[in-house]
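Colleague: Turn these sequences into a full structure, and let the hints guide you.
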Amino acid sequence: MNFDLDVDQRDAAAGARAFFTGSASPAAARAALEGGAVEPGHKALADIGFLGITVAEAAGGAGGSLLDLAVVAEQGGAVLAGPSLVTAARAAVLLAGVPELAALLADGSTAFAVLDGPVDGSHASIDAAGATLFLGLDGGALVVGAGEARAGQPMDATRGLASVRLTDRRVLREDAGELWARARQAAAVVLAAEDLGAADRAVQLGVAYAKERQAFGRAIGSYQSVKHMLVDAWVGVDQLRSLLWWAAWAADAAPDEFPLAASAAKAYAAEVFERAAETLIQVHGGIGFTWEHDAHLYWRRAKVDRLLLGDEAEHLDTVARLAVAGALRA
Amino acid sequence: MDFDDNPEEAEYRAHVRALLEQHTGELLHGGAGESLDPATHEAEFRRTQRVLAEAGLIGIPWPREHGGQGGTLVQQAIAGQEFSRARIPTLINHIGLGMCGPTVIAHGSDDQKERYLARLLRADDVWCQLFSEPASGSDLAALRTTAVRDGDDWVVNGQKVWTTLAQVADYGILLTRTDPDRPKHAGLTMFVVDMHAPGVTVRPLRQMAGGSGFNEVFFDDVRIPDAERLGEPGEGWRVALTTLMNERVAIGGGGSDIGVPVETLAAHARDRLPALGPDRQVLARQAVGRAVVASLATRYTGYRRFTVLSQGGLPGPEASAGKLAGTAAGRLVADAGVRLLGDDAVYGAAADGDDTWQGMQAYMPGLAIAGGTDQVLRNILGERVLGLPPEPRADKSGPFSGGTR
Ligand SMILES: Cc1cc2nc3c(=O)[nH]c(=O)nc-3n(C[C@H](O)[C@H](O)[C@H](O)COP(=O)(O)OP(=O)(O)OC[C@H]3O[C@@H](n4cnc5c(N)ncnc54)[C@H](O)[C@@H]3O)c2cc1C
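Same order as they appear, the protein sequences are chains A and B.
Just so you know, we're using this note's numbering here: the first sequence kicks off at 1 and counts up by one.
Just so you know, we're using this note's numbering here: the second sequence kicks off at 1001 and counts up by one.
Since the hints were made in silico from the structure, they are not lab data.
Be a bit skeptical, because a hint or two may be false.
[What the hints assert, rightly or not] Computed beta-carbon distance windows for the label pairs:
| # | chain 1 | residue 1 | chain 2 | residue 2 | range |
| --- | --- | --- | --- | --- | --- |
| 1 | A | R10 | B | V1282 | 40 to 46 Å |
| 2 | A | Q224 | B | G1210 | 30 to 36 Å |
| 3 | B | N1006 | A | E100 | 48 to 54 Å |
All values derive from a computational prediction rather than experimental measurement.
The C-beta atom is built at its ideal place from N, Cα and C for all residues, glycine as well.
Modeller: Have a look at this one:
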């Protein structure tokens, strides 16, 4: 057994950290709430090659694994980057048999979004607000087309959520139900990876403040109620990393385990990130409740992500059904 | 990244399986919840460990000179997995193997290693860990059992409590206070004590689940030869830390489930779900799903720690997270299992006498206390992993006898 990232994946994570740290930030996420651009933005993500990590080499991608993409997505999550690599992962699965469109995904010349729900009035879908071409499931068929996007008032503007009505559509593949399900599982894993990065950062910020801030003559981190709250958040993050790696690895290496692992990672990410973000605010006291502080930007992400691509209840149900049906690794 | 056996591991696993098959008639069998009690089946438990030891399956990573196999931690983990697959109950000498043996290896004299280790592996001698006292559990260094030097011996007086397996043990590692005039951590000394020595009295204590897994142990003028000291006088705290570090790894360190494995819960749910109404099924699946997720999160985190060990790394303080999270997951699994029983959930056992789930439910609170309480583990993680400052303490500097305990 060797349950660890390899050297290339560690290098990729370090490179991604440098890129995202220089190109996105919670400050940008705050500005986006007031009409600013989402950073680093679609073009920059395409230019550095992140949109094509799991696209086949023949279509201009890197032909990498979902785990390769997940370790990069984690770093984007840490600084609340947008658009999400969720769309890159999901569209790459859907377009595996359509190399000419996959090439447009990888080189960034087209901004795709994948629609959840009916294509003539979708649910709020990730990065649909800035997209020009949409993928959807229409009566069991995978379709592509242009559409009109309608966005509500954002809770987290980096997610680019919008509801879309397709204005034209072309069938890419009949009987695409299974493919669609696998793409959604890949998307759930990448969302969980972004949540892992964000939750991890939230815990780090909380710990740093708890070492610094003094009350009653000592650092607040020395008080057990503060310390234990941060420990519980940290333990969750550490455990989420394990589920996430397993799920991302299973996508390519153990397809039988993938559906259960993906739902486990998504359900757990919802809980862990929400706890980390709530803890971050609480540890900061009043300053944590201000617009200027970054805490609420993590909190917004958590409150939105937990409901996207299936909420915790849906994924727990999936885990239970699969486990009962015998899907656990012996 | 991969979870499969490499060729050597696969070969070793086949070897272990073949041995277990070959000796199956001589081994005890019984899964979690079948509550086989080492005290009532002592002979069978000792025999089981001896047979396994003679087959070379006990103390695998211990050096050959100490009766071990000079093998790897990976091989030990594989053997452990195959033991549970064969439903071999927890070994009678699990405290000896996990805690006492490693302490003797690290701090014992050559003579002690010679006399004790091979017999410990074969369960010719069963060992216990005599640390906790009525007034010192979490605050272990506040202990009061004294050892006073008298010629070539030390004379021990005091009381230990919650001592697992003391009622069947032949030896124990015993932490005592030898210098009350020094600060609490500095005046301690560790010994090996013969549990059959005159003046040692063991009284089983009944636990909340009904069984007698632990005991109180009284020491009245018990004489221990100086040759049975582990480490120097006054160095007992450092010796105890070796034991506690090994304890953290032994409990929930390497990807084995705490409590009932999730596969067992899944099978139970498969049997029971159809009997529930549709609304109850929805709720039950939520509980099962949550338990499975928590359990797998702990299991796969254990695999990460295990990977570090197998690459030659040392267990760090983050190992405490395995026990903390594993206990929480174990509670969820036990709770989901009990709730699935329907009417039987309010009885101590089902009509057919099966008390797997009720038994596990009643066992979980002890796990949150034994080997470091949940709160103490959170302190360790907060201070040693996250680097948060400790609480101010007034008990560390003055002499223990001075009252700042
Ligand atoms: C099943 C079982 C088996 C055991 N086997 C053994 C054995 O073989 N050998 C042995 O030596 N001992 C054994 N023990 C004892 C065990 O190690 C102690 O019970 C444990 O360390 C707690 O000590 P205590 O019982 O004195 O509780 P206390 O230390 O009095 O704790 C009481 C409560 O106070 C909390 N608390 C204490 N200090 C702090 C702190 N600093 N911060 C926050 N909260 C705190 C605890 O978390 C707990 O909730 C066993 C216990 C159990 C339950």
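Colleague: Mind listing which of the numbered hints don't hold for this structure, in increasing order?
Modeller: 3
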